[in-house]
Amino acid sequence: MNNDSNGAMPIRITLDPGVYYRCTCGRSSHLPFCDESHSGSSSHPVRFELRERQTVYLCACGRSKQQPFCDGGCGFQPPYGANPEKGR
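Residues in the sequence shown are numbered consecutively from 6, following this note's numbering.
Derived from the structure by calculation, the hints contain no laboratory data.
Any given hint might turn out to be false.
Distance condition first, Cα-Cα at most 25 Å in a straight line; then the derived DMTMM-like pairs of lysine to aspartate or glutamate [unchecked claim]: (1) K70 <-> D21; (2) K70 <-> D40; (3) K70 <-> E54; (4) K70 <-> E41; (5) K70 <-> E57.
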(Lines of atoms letter the chains of each structure in order from A and count residues from 1; the text may use other names and numbers.)
(Lines give C-alpha, C1' and ligand atoms only; values in the text may rest on other atoms or scores of the structure.)
Protein backbone atom coordinates (compact mmCIF):
# COMPACT_ATOMS: atom_id res chain seq x y z
CA MET A 1 0.00 0.00 0.00
CA ASN A 2 1.19 3.52 -0.64
CA ASN A 3 -0.09 7.05 -0.23
CA ASP A 4 -0.85 7.58 -3.92
CA SER A 5 -4.14 6.55 -5.44
CA ASN A 6 -3.46 3.57 -7.67
CA GLY A 7 -7.03 3.16 -8.85
CA ALA A 8 -7.40 0.09 -6.67
CA MET A 9 -10.83 -0.75 -5.33
CA PRO A 10 -11.17 -1.73 -1.68
CA ILE A 11 -10.85 -5.39 -0.78
CA ARG A 12 -14.19 -6.84 0.37
CA ILE A 13 -13.58 -9.71 2.76
CA THR A 14 -15.52 -11.58 5.44
CA LEU A 15 -13.46 -12.26 8.56
CA ASP A 16 -14.03 -14.16 11.78
CA PRO A 17 -13.47 -12.52 15.18
CA GLY A 18 -9.78 -12.03 15.91
CA VAL A 19 -6.71 -9.87 15.56
CA TYR A 20 -5.41 -9.17 12.05
CA TYR A 21 -2.41 -7.37 10.59
CA ARG A 22 -2.91 -5.57 7.25
CA CYS A 23 0.19 -5.55 5.04
CA THR A 24 1.43 -2.06 4.13
CA CYS A 25 4.67 -2.96 2.33
CA GLY A 26 3.10 -4.96 -0.52
CA ARG A 27 5.65 -7.78 -0.19
CA SER A 28 3.45 -10.30 1.63
CA SER A 29 2.67 -13.57 -0.10
CA HIS A 30 -0.60 -13.58 1.91
CA LEU A 31 -2.02 -10.20 0.84
CA PRO A 32 -3.91 -8.36 2.17
CA PHE A 33 -2.41 -9.70 5.39
CA CYS A 34 1.12 -9.37 6.74
CA ASP A 35 3.53 -12.32 6.65
CA GLU A 36 6.44 -10.29 8.07
CA SER A 37 8.07 -9.80 4.65
CA HIS A 38 8.58 -6.17 5.71
CA SER A 39 11.30 -7.20 8.18
CA GLY A 40 14.28 -4.89 7.81
CA SER A 41 12.23 -2.16 6.11
CA SER A 42 10.54 0.94 7.49
CA SER A 43 7.06 -0.51 6.83
CA HIS A 44 4.87 -1.80 9.64
CA PRO A 45 1.54 -3.61 9.37
CA VAL A 46 -1.71 -2.06 10.59
CA ARG A 47 -3.21 -4.05 13.47
CA PHE A 48 -6.98 -4.36 13.76
CA GLU A 49 -9.38 -6.47 15.76
CA LEU A 50 -12.88 -7.70 14.99
CA ARG A 51 -15.17 -8.79 17.81
CA GLU A 52 -17.65 -10.57 15.57
CA ARG A 53 -17.76 -12.18 12.12
CA GLN A 54 -18.02 -9.29 9.72
CA THR A 55 -17.66 -8.30 6.07
CA VAL A 56 -15.27 -5.35 5.82
CA TYR A 57 -13.74 -3.25 3.05
CA LEU A 58 -9.96 -2.92 3.39
CA CYS A 59 -8.36 0.16 1.84
CA ALA A 60 -6.27 -0.61 -1.24
CA CYS A 61 -5.53 2.95 -2.42
CA GLY A 62 -3.77 4.32 0.69
CA ARG A 63 -6.02 7.40 1.02
CA SER A 64 -8.22 6.24 3.89
CA LYS A 65 -7.95 8.07 7.20
CA GLN A 66 -9.53 5.02 8.85
CA GLN A 67 -6.78 2.49 7.97
CA PRO A 68 -6.99 -0.39 7.38
CA PHE A 69 -10.62 0.23 6.41
CA CYS A 70 -11.90 2.07 3.33
CA ASP A 71 -13.50 5.43 4.20
CA GLY A 72 -14.41 6.41 0.64
CA GLY A 73 -11.32 8.57 0.03
CA CYS A 74 -10.88 6.82 -3.31
CA GLY A 75 -14.43 7.57 -4.41
CA PHE A 76 -15.80 4.13 -3.51
CA GLN A 77 -18.44 4.31 -0.80
CA PRO A 78 -18.65 1.17 1.36
CA PRO A 79 -22.20 0.24 2.42
CA TYR A 80 -23.24 2.04 5.62
CA GLY A 81 -22.05 0.11 8.65
CA ALA A 82 -19.81 -2.19 6.59
CA ASN A 83 -16.64 -1.26 8.49
CA PRO A 84 -16.06 -1.09 12.21
CA GLU A 85 -15.35 2.29 13.75
CA LYS A 86 -11.68 3.24 13.99
CA GLY A 87 -10.05 1.84 17.09
CA ARG A 88 -12.18 -1.26 17.25
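The hints, checked one at a time:
Our distance criterion of 25 Å between C-alpha atoms is met by K70 and D21, whose separation comes to about 24 Å. About 23 Å separates the Cα atoms of K70 and D40, which keeps this hinted pair within 25 Å; it holds. Proximity of K70 to E54 is assessed by CA-CA distance (about 17 Å); at most 25 Å being required, the pair is judged to hold. Between K70 and E41 the CA atoms are separated by roughly 23 Å; this keeps the pair inside 25 Å, and the hint holds.
Distance check on the hinted pair: K70 and E57 sit about 23 Å apart at the alpha-carbon level, within 25 Å; holds.
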